[in-house]
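So the chains spell out like this:
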Amino acid sequence: MVYEALDFYDIDSQLTEEELMVRDMVRDWVEEEVLPKIEEACSEGVFPDEWRVSLGEMGVLGAPLEGYGCPGLSYTAYGVICRELERGDSGLRSFASVQGSLAMYPIWDFGSEEQKQKYLPKMATGELIGCFGLTEPDYGSNPGDMVTRAEDKGDHYLLNGAKMWITNGTTSDLAVVWAKLEGVIRGFIVETGDEGYSAPEMKGKHSLKASVTSELVFQDCKIPKDRILPGVKGLKGPFSCLNNARFGISWGALGAAQACFHSAKEYALSRIQFDQPIASYQLVQNKLSWMLREITKGQLLALELARKKDNGSWIPEHISLAKMNNVDIALDIARMARDIHGANGILDEYCIMRHMANLESVKTYEGTHDIHNLILGRHITGIQSFTRSL
Amino acid sequence: MVEIAVLLKQVPDTNAKIAVVGGRVDESAVTSWVTSPYDEYALEAALQLVEAGGGSITAITLGPMRADKVLKDAAALGVTKLVRIWNDEWLDLDSNQVQSVLAEAIKESGADLVFCGKQSADRNQGSTGPGVAEILGAACVVEVSDFNAAEQFYLRPAASGSEKVTVNYPAVITFTKTESELRRPNVRGIMMSKKAQINLVSSDAGASQVTFKGHTSPAEKPPGKTFEGSDSVPEVVGLLRDEAKVL
Amino acid sequence: MEITIIAETQGNQLHAVTRQLVGAASSLGVSPTILCAGGVGADEASGISGVGKVLSVNGDCFSTFDGGAWATAFDAAAGEGVIMGAATAQGRDVVSRIAARRNIPVVQDVVTLSDGLNMTHPIYSGKAMQDVTISGSCGITLRANTFSPAGDGGSAESATVQQSGDVKIAVKEAIAKASERLDVSDADIIISGGRGMGNPENFDKLYSIAEGVGAAVGASRAAVDAWDPIPHSMQVGQTGKTVNPSLYIAVGISGAIQHLAGMRTSKYIVAINKDPEAPIFKVADYGIVSTWEEALPILASEIAKLQ
Ligand SMILES: Cc1cc2nc3c(=O)[nH]c(=O)nc-3n(C[C@H](O)[C@H](O)[C@H](O)COP(=O)(O)OP(=O)(O)OC[C@H]3O[C@@H](n4cnc5c(N)ncnc54)[C@H](O)[C@@H]3O)c2cc1C
Ligand SMILES: Cc1cc2nc3c(=O)[nH]c(=O)nc-3n(C[C@H](O)[C@H](O)[C@H](O)COP(=O)(O)OP(=O)(O)OC[C@H]3O[C@@H](n4cnc5c(N)ncnc54)[C@H](O)[C@@H]3O)c2cc1C
Numbered sequence: 000m001v002y003e004a005l006d007f008y009d010i011d012s013q014l015t016e017e018e019l020m021v022r023d024m025v026r027d028w029v030e031e032e033v034l035p036k037i038e039e040a041c042s043e044g045v046f047p048d049e050w051r052v053s054l055g056e057m058g059v060l061g062a063p064l065e066g067y068g069c070p071g072l073s074y075t076a077y078g079v080i081c082r083e084l085e086r087g088d089s090g091l092r093s094f095a096s097v098q099g100s101l102a103m104y105p106i107w108d109f110g111s112e113e114q115k116q117k118y119l120p121k122m123a124t125g126e127l128i129g130c131f132g133l134t135e136p137d138y139g140s141n142p143g144d145m146v147t148r149a150e151d152k153g154d155h156y157l158l159n160g161a162k163m164w165i166t167n168g169t170t171s172d173l174a175v176v177w178a179k180l181e182g183v184i185r186g187f188i189v190e191t192g193d194e195g196y197s198a199p200e201m202k203g204k205h206s207l208k209a210s211v212t213s214e215l216v217f218q219d220c221k222i223p224k225d226r227i228l229p230g231v232k233g234l235k236g237p238f239s240c241l242n243n244a245r246f247g248i249s250w251g252a253l254g255a256a257q258a259c260f261h262s263a264k265e266y267a268l269s270r271i272q273f274d275q276p277i278a279s280y281q282l283v284q285n286k287l288s289w290m291l292r293e294i295t296k297g298q299l300l301a302l303e304l305a306r307k308k309d310n311g312s313w314i315p316e317h318i319s320l321a322k323m324n325n326v327d328i329a330l331d332i333a334r335m336a337r338d339i340h341g342a343n344g345i346l347d348e349y350c351i352m353r354h355m356a357n358l359e360s361v362k363t364y365e366g367t368h369d370i371h372n373l374i375l376g377r378h379i380t381g382i383q384s385f386t387r388s389l
Numbered sequence: 000m001v002e003i004a005v006l007l008k009q010v011p012d013t014n015a016k017i018a019v020v021g022g023r024v025d026e027s028a029v030t031s032w033v034t035s036p037y038d039e040y041a042l043e044a045a046l047q048l049v050e051a052g053g054g055s056i057t058a059i060t061l062g063p064m065r066a067d068k069v070l071k072d073a074a075a076l077g078v079t080k081l082v083r084i085w086n087d088e089w090l091d092l093d094s095n096q097v098q099s100v101l102a103e104a105i106k107e108s109g110a111d112l113v114f115c116g117k118q119s120a121d122r123n124q125g126s127t128g129p130g131v132a133e134i135l136g137a138a139c140v141v142e143v144s145d146f147n148a149a150e151q152f153y154l155r156p157a158a159s160g161s162e163k164v165t166v167n168y169p170a171v172i173t174f175t176k177t178e179s180e181l182r183r184p185n186v187r188g189i190m191m192s193k194k195a196q197i198n199l200v201s202s203d204a205g206a207s208q209v210t211f212k213g214h215t216s217p218a219e220k221p222p223g224k225t226f227e228g229s230d231s232v233p234e235v236v237g238l239l240r241d242e243a244k245v246l
Numbered sequence: 000m001e002i003t004i005i006a007e008t009q010g011n012q013l014h015a016v017t018r019q020l021v022g023a024a025s026s027l028g029v030s031p032t033i034l035c036a037g038g039v040g041a042d043e044a045s046g047i048s049g050v051g052k053v054l055s056v057n058g059d060c061f062s063t064f065d066g067g068a069w070a071t072a073f074d075a076a077a078g079e080g081v082i083m084g085a086a087t088a089q090g091r092d093v094v095s096r097i098a099a100r101r102n103i104p105v106v107q108d109v110v111t112l113s114d115g116l117n118m119t120h121p122i123y124s125g126k127a128m129q130d131v132t133i134s135g136s137c138g139i140t141l142r143a144n145t146f147s148p149a150g151d152g153g154s155a156e157s158a159t160v161q162q163s164g165d166v167k168i169a170v171k172e173a174i175a176k177a178s179e180r181l182d183v184s185d186a187d188i189i190i191s192g193g194r195g196m197g198n199p200e201n202f203d204k205l206y207s208i209a210e211g212v213g214a215a216v217g218a219s220r221a222a223v224d225a226w227d228p229i230p231h232s233m234q235v236g237q238t239g240k241t242v243n244p245s246l247y248i249a250v251g252i253s254g255a256i257q258h259l260a261g262m263r264t265s266k267y268i269v270a271i272n273k274d275p276e277a278p279i280f281k282v283a284d285y286g287i288v289s290t291w292e293e294a295l296p297i298l299a300s301e302i303a304k305l306q
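Protein chains in written order, with numbering that gives the first Met the number 0: chain V, 0 to 389; chain D, 0 to 246; chain F, 0 to 306.
Only chain V is shown next, with the shape it has when bound in the complex:
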């Protein structure tokens, strides 16, 4: 079955030649190197190291950043990369999102010149892997109340606390950790091997099984003074990272949706029940046409958002809408595709159940679905409703 990415309005014709070449490069790689191995990676619960190497070789890590060995592609190209990666697996896209948007980006935007030179070139090639520590066991949607703290000890900082649900944590060479210094949220770079730092892996996930998720534990963790990110204070730091990652997710989710649609269409055409292909029944056609409708709308949303990212006319709420919508429809499409596949839909022979389970995480991380609703609600009414205290 040759993969035909659903593109009903030929939206990819809006891409530049360069963006199309990047798309084809990533799509071919996913087809040849990822899809044949993804089920095994999931059942073993590992992110194959050769994928890290290939992503670095292709040069897609930190794609929209410029300088320090990063390519400086458009945000549109970054979106396309996320879409093609997530058509393979959300865990693969998560790896790239975390590395590029959550670990490289804060160093690139808020780091010192020395920090940029030290880390970014090697992160772009995948030689160094980074993770992003914001969420804590007791603080998910409201990271502002985090308890991880840093103390200035004169010639070093001392970190104490714990982070949870950290993608790439155990396999990282460095972590960008958000912690309070004298009550103000600041970013710190913690390196594997720093005294008092450990990153045990969290096991037992039914979702994103090919992605590593970890705790980060800081027990009197001592880090040199030059590891603080000098350029940002407060929640603006982590939130600007999240904006970029969420943007990537709004494209990525479409990749998973396209994969599910493709599989459902092929299956419906070949599965015969009551003497006819199930694709010939109106109820099934209704499902397929709904999928097509939602994917097409999501594509238009993602493309227009990318344009805004590229010309600077975006606001964070634009990103919230696209992340929320596209993940939501992708998840519904995955469930519907699962239904169309009948019993076969629960097998690892098909991508459906894997995407479906993955998308449950995608719905929650990078701002839960409802947190994005609240962001939009605040935008519409001017009244925040995250907390009871107005």
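In silico negatives: residues of chain V with every beta carbon more than 12 Å from chain D: (1) E38; (2) E39; (3) E113; (4) K117; (5) P136; (6) D151; (7) W164; (8) D193; (9) H205; (10) E214; (11) L287; (12) I314; (13) D331; (14) N343; (15) T363; (16) L375.
Anything over 12 Å on all C-beta distances counts as not near chain F; from chain D, calculated: (17) V1; (18) Q47; (19) G52; (20) P63; (21) D67; (22) K106; (23) N198; (24) V200; (25) D203.
Derived list of chain F stretches under chain D, where covered just means 3 residues or more per stretch with a C-beta under 8 Å from a C-beta of chain D: (26) 104-117; (27) 272-285; (28) 294-306.
Just so you know, these hints were derived from the structure itself, not from any lab. Every residue, glycine too, gets a C-beta built ideally from N, C-alpha and C.
For this one, chain V is given, so just place chains D and F with the ligands on it according to the hints.
Relative to chain V, chains D and F with the ligands alone:
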């Protein structure tokens, strides 16, 4: 240091449906154009040869503007000299015309080694490599399936199996599928390719000596037949040979 | 019109296709001249009915295949008009070089030929056909097994000429045909076995037929799952490989939808199955209701006859 010309042809994706409309294959219905697969093996071989011993590569294509894509793709893999030959009047060039304009561009490139596919995925002819070699006064090794950059030998089919041959330069080598894994571009290469200049040349191809009459769809397959018993095997083999023409 | 045929040889004899070339020339009412490289097959050639003349072209250059050198030698020996060869690797090489030397066009892999000269050749791997006419001189290669072979009973005159050509290719090492197995994704002919083969050892029967025709051996998932010696790389179907060969022979395969998903676009499908109700017969162009134990030996010998 060797100067290699690689001939790349743009063809419809080999998975594409080919429809004949009004006596001609409907190219406007083709949504995906790619580099002819055997040509990709030729390009890979050239890249390996240059990596091993130095030198440079000129990628040459004969085709309309859309064929720039195959050159850009080559540029993304590091080829810096790109030549597209075209003349808007050209339609249905015959083998001679194709070979002569290609040979002219090869001479211009200064190449002493020419790599190309054993045949293109659209015309399936296999005349270009040997024909160009003849015009250039060069040797030609056809259907090469393996090569050794260091020892400069090529593996070609032989009655007994295969044979390793060496060849005097100038030479044309036509490639079939090789064991080499085709390299992937990377973002850096893709960004370089944006800057790569394509040298568009036109030339006089002379007159065609072939009258193009049109394309047709292959004959419809007769409906399936079922035969009883193993006695029918000779008949089926006969049909495979004479009717289906696949044996 | 004059036709000169470049004889296709196999070892020390003519290849069967040479008679087909003569048959094609005869159908145009022409008694062709046959050129035999180094005289190989000349005696047999003069006995083929319809041949006008046999010319043994001798020369040092014929000890190694070098299309350039051979074309030089043949060019000097051949007459005007049509230069005809077989659409094999060597035939295509030599005929296109002679055409280029003479500045005349060449059309390869011709499958129909009539006065005029009108000819048809497949393009896009047979997904379409191209019709062309050439009124002047040209080179043509013909696809094997598409033209009726000429029979015996001729007595053409034979002559020998000495020619030379500049050999620029040197053979360093001959490598015997590796019994390396073709991959299903690369093969133009695939013979696949299913659970009906009974055990993996019986796949040897498929391998021996496959070897003769340059085919790959594939398998159904039931076979791959049941038998370790049959690797997943051989599996054809939805969760195996999608293949698109000219000929797909399914032996002891029922034709489940998931298997069909991987091979139904094959140009021709042959099914050998003992159950006349097996769904594979619905997609087969030629179905043979028989056990493989009975059918395969006959298939092997019939195919061997064609080679
Ligand atoms: C696989 C995976 C990988 C992750 N990777 C990272 C990572 O790399 N780095 C990182 O920092 N974090 C990571 N996270 C954490 C993720 O960002 C958090 O899970 C997310 O922010 C939600 O927090 P929570 O799980 O604590 O849920 P909670 O915040 O407890 O939310 C639970 C539910 O309550 C709802 N809710 C919460 N507050 C409100 C409110 N005010 N009004 C209405 N509803 C509300 C939510 O919408 C949700 O439905 C990851 C999570 C997962 C699952
Ligand atoms: C999600 C999923 C994916 C799948 N993917 C694939 C796939 O990629 N490829 C695939 O092949 N299958 C696949 N299958 C399995 C598929 O459904 C069938 O089970 C499988 O193709 C059956 O293989 P078979 O035809 O060899 O075996 P059977 O169905 O058992 O058929 C054996 C046949 O051999 C015949 N036979 C027995 N003895 C003889 C004899 N002596 N001579 C001649 N004929 C004989 C019988 O009549 C019978 O028709 C998949 C299934 C699922 C659920």
